[in-house]
Amino acid sequence: MTIQMNSERGAASKMGQLLRPRYFPRQPITAVDLNAEQAYFTELTRRHNRFLHGCGIVCGLDVLLSENETGEPILRVTPGHAIGPQGDEILVDAPQSIPLADLGLGGECALPSPERRLYLALRYDEQGTQTAPVLPGPCTPVATCEFSRMAAGFQIACLAEPPDGCRDAPACGVLLAELLRQTPPDDDVTLACPAPPADPWVVLAALDLVPAENVVRIDYSVRRQLLSAQRLVEVLRCLVPLVGITPRAGQQASRLLVVISGFRLADASAVRFSGTGVSADVVTQLGNDNRVVAVVDIAADAPLGERTFQVTTPRGLVDSAPFGLTFTVLPRSVYGYPYSYLHYFYGYLVDVDVSLGIGGDLL
Amino acid sequence: MTAPITRAVWSFWTKPFRAHHASVWASPQQHLFSWVLSLETARRHFPETVLVTDDAGARMLVDGIGLEFDQVSTELNVLQQHDPEWWVLGKLYTYRAQDVPFVSIDSDVFLWKALPERMQSAALLAQNPENFPFDSGWYRPQVYDVALKATGGWLPPEWEWYVAQRGTQAICCGILGGRRVVFLNDYADRAIRLIEHPRNRTAWSLLGNKIGDNILFEQYFLSACLAYHRQRESSPYHDIDVAFLFDSPEGAFTPQRAREVGYTHLIGGAKGNPILAERLQERVAQSYPAHYERCIQFLNEEIIV
Numbered sequence: 001m002t003i004q005m006n007s008e009r010g011a012a013s014k015m016g017q018l019l020r021p022r023y024f025p026r027q028p029i030t031a032v033d034l035n036a037e038q039a040y041f042t043e044l045t046r047r048h049n050r051f052l053h054g055c056g057i058v059c060g061l062d063v064l065l066s067e068n069e070t071g072e073p074i075l076r077v078t079p080g081h082a083i084g085p086q087g088d089e090i091l092v093d094a095p096q097s098i099p100l101a102d103l104g105l106g107g108e109c110a111l112p113s114p115e116r117r118l119y120l121a122l123r124y125d126e127q128g129t130q131t132a133p134v135l136p137g138p139c140t141p142v143a144t145c146e147f148s149r150m151a152a153g154f155q156i157a158c159l160a161e162p163p164d165g166c167r168d169a170p171a172c173g174v175l176l177a178e179l180l181r182q183t184p185p186d187d188d189v190t191l192a193c194p195a196p197p198a199d200p201w202v203v204l205a206a207l208d209l210v211p212a213e214n215v216v217r218i219d220y221s222v223r224r225q226l227l228s229a230q231r232l233v234e235v236l237r238c239l240v241p242l243v244g245i246t247p248r249a250g251q252q253a254s255r256l257l258v259v260i261s262g263f264r265l266a267d268a269s270a271v272r273f274s275g276t277g278v279s280a281d282v283v284t285q286l287g288n289d290n291r292v293v294a295v296v297d298i299a300a301d302a303p304l305g306e307r308t309f310q311v312t313t314p315r316g317l318v319d320s321a322p323f324g325l326t327f328t329v330l331p332r333s334v335y336g337y338p339y340s341y342l343h344y345f346y347g348y349l350v351d352v353d354v355s356l357g358i359g360g361d362l363l
Numbered sequence: 001m002t003a004p005i006t007r008a009v010w011s012f013w014t015k016p017f018r019a020h021h022a023s024v025w026a027s028p029q030q031h032l033f034s035w036v037l038s039l040e041t042a043r044r045h046f047p048e049t050v051l052v053t054d055d056a057g058a059r060m061l062v063d064g065i066g067l068e069f070d071q072v073s074t075e076l077n078v079l080q081q082h083d084p085e086w087w088v089l090g091k092l093y094t095y096r097a098q099d100v101p102f103v104s105i106d107s108d109v110f111l112w113k114a115l116p117e118r119m120q121s122a123a124l125l126a127q128n129p130e131n132f133p134f135d136s137g138w139y140r141p142q143v144y145d146v147a148l149k150a151t152g153g154w155l156p157p158e159w160e161w162y163v164a165q166r167g168t169q170a171i172c173c174g175i176l177g178g179r180r181v182v183f184l185n186d187y188a189d190r191a192i193r194l195i196e197h198p199r200n201r202t203a204w205s206l207l208g209n210k211i212g213d214n215i216l217f218e219q220y221f222l223s224a225c226l227a228y229h230r231q232r233e234s235s236p237y238h239d240i241d242v243a244f245l246f247d248s249p250e251g252a253f254t255p256q257r258a259r260e261v262g263y264t265h266l267i268g269g270a271k272g273n274p275i276l277a278e279r280l281q282e283r284v285a286q287s288y289p290a291h292y293e294r295c296i297q298f299l300n301e302e303i304i305v
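First to last, the protein sequences are chains B and F. Per the working numbering, residue 1 is the first one in the first sequence, and the count goes up by one each step. Per the working numbering, residue 1 is the first one in the second sequence, and the count goes up by one each step.
One or more of the hints may lead you astray.
Short, incomplete list of chain B residues facing chain F, as computed with Cβ under 8 Å [unchecked claim]: (1) ARG255; (2) LEU257; (3) VAL259; (4) VAL295; (5) ALA299; (6) PRO303; (7) LEU304; (8) GLU306; (9) LEU330; (10) VAL334; (11) VAL354; (12) LEU356; (13) LEU362.
Since the hints were made in silico from the structure, they are not lab data. Predicted model only: the values in this text are computed from it and were never measured. Ideal Cβ positions, reconstructed from N, Cα and C, are used throughout, including at glycine.
With these hints in hand, go ahead and build the complete structure from the sequences.
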């Protein structure tokens, strides 16, 4: 079955409909076509960056107060990488020094004042380079020159107002609702794909003047960090140090080995279970960064039920409780069957005395 | 019609018996009486009787109380230096040593009747299947699986696959045997390797007492081997099926069913039951008075195995 969708191309175009050149034999190709080819892929990359990664500072780009060789105060911006609100990759490949007096604001140089907070921001920029002659043609008889390449670059500037392109994240409630959604959303809470903002700036820091000390204070709270997938995994490892315990249960009056898995567990020295009757000895030579192996002894009279546990590492105590990880003490189960049990035989409930073994009455 | 299985086999490794199994019986007499009755009842159905034991076992059962096996092997002398907690090794070595169709019979099992024809012709025969809860049963495969993996131990693929499936069936081996002897040899060989593999020593030392868990390596692992090969069409053991005397533990413990097939197994705590101990003594005294006297004499002379 084919479902005919209503085309909403007009509406969709605000998301940026892309046109890709289609070549065919004996086609006259001009610079317009070749540039369109480039524009298609450039825009595709921007869209990918914007929708799948977002925008913000990926690494580096720290803003530091410093002095130049003559002792004048400067702002230093370290090398780094960012993705702009429109999806551009912005690479600052060398340290940048900005004399405080040169901070640009609407074309004027001005220092921040108590009344006026400034925003040091970064944007993608590109410049034409490598001129090449334009050959004369029937309509342009005189030869001229054009840039044959565009060099990717950046601009750093001070803004009087916070740019709105890459600043605010949706509220946590909205984000979680989106993540856990089981039914279609109400119009007012949906997280639609964001339209590309007109503002290309990424804020590096806010600058405030501290009047009493006559110094500039650098505020990072306005920076938006964009984590790479790898960095995100590393952060998760920090936030979730414990991910499992195997086996998750053991019987009274038994000994077993348990493997506690997680992150940054190297050199764990102890495991302690809550309550009484369950003790553990870490087998240090079997552990590594991602696991702790411990011999667990469960006493015959250990109270039944769930226990939380704590792992002692050189970096501190890691508690299983916040992560919902528990170990359960079960009753001892002994082979050889219970001495009496009930079961159905030809539809009747029968109480069988198994102390006679199997066929004991035949003796 | 397939010719019936002719060989009945018993296994007796004295080291674990002396270390802990002797105390399971109501008295030393009952242990000996049970041997007499197990052999003599089975002899009616199996023309060839074989005992696989060690020197001390042969001195007790053959020289001491005069049991008349057709063959006696002291092959279990090789287990002299082994840890007696691995009592199941005696049975596994016995399974591995067989080269013709056989039925292995525990010494606390009495066959009042011949095994049904459907079992005699089966690739594999056993007492009954038994299921258990994976996480909380008397079988603890996960405990051993985790311990061996955590310590860099060796595990056969049958075990790894079955535990990954959370396999919950085992096979009670009061009797075990069949016509596919090569399969039984292979299974026993792998189970022995699992216990004896040098890489597994660390886990064994850390786990402490393993007496109660031996059934994992005989009964659970047997089920694992069968299930593993059953789902691999290219396996030579793909088609092996098991004929059970009882279809479940409940069936086995139902007196009517046991009576129908003529089968007694003094399983678990039944060995210490005083009522059964008395009946066992009376039965041997009446039916096998010469053996009865030999048992009494043997114990009176305090011949210590």
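Results of checking the hints against the structure:
1. ARG255: Because about 5 Å separates ARG255/B from the closest Cβ in chain F, which is inside the 8 Å limit, the hint holds.
2. LEU257: The hint holds - LEU257/B has a Cβ within 8 Å of chain F, the shortest such distance being about 4 Å.
3. VAL259: Holds - the Cβ of VAL259/B comes within 8 Å of chain F, reaching about 5 Å at its closest.
4. VAL295: With a minimum Cβ separation of about 5 Å from chain F (threshold 8 Å), the hint on VAL295/B holds.
5. ALA299: At about 13 Å, which exceeds the 8 Å cut-off, the nearest Cβ of chain F leaves the hint on ALA299/B violated.
6. PRO303: With a closest approach of 16 Å, the PRO303/B hint is violated.
7. LEU304: LEU304/B check fails; min Cβ-Cβ to chain F is 11 Å, beyond 8 Å.
8. GLU306: 13 Å, violated
9. LEU330: 5 Å, holds
10. VAL334: 6 Å, holds
11. VAL354: Holds - the Cβ of VAL354/B comes within 8 Å of chain F, reaching about 5 Å at its closest.
12. LEU356: Status holds, d = 6 Å.
13. LEU362: With Cβ-Cβ at 5 Å, under 8 Å, it holds.
Taken one by one, the earlier hints fail for this structure at numbers 5, 6, 7, 8, listed in ascending order.
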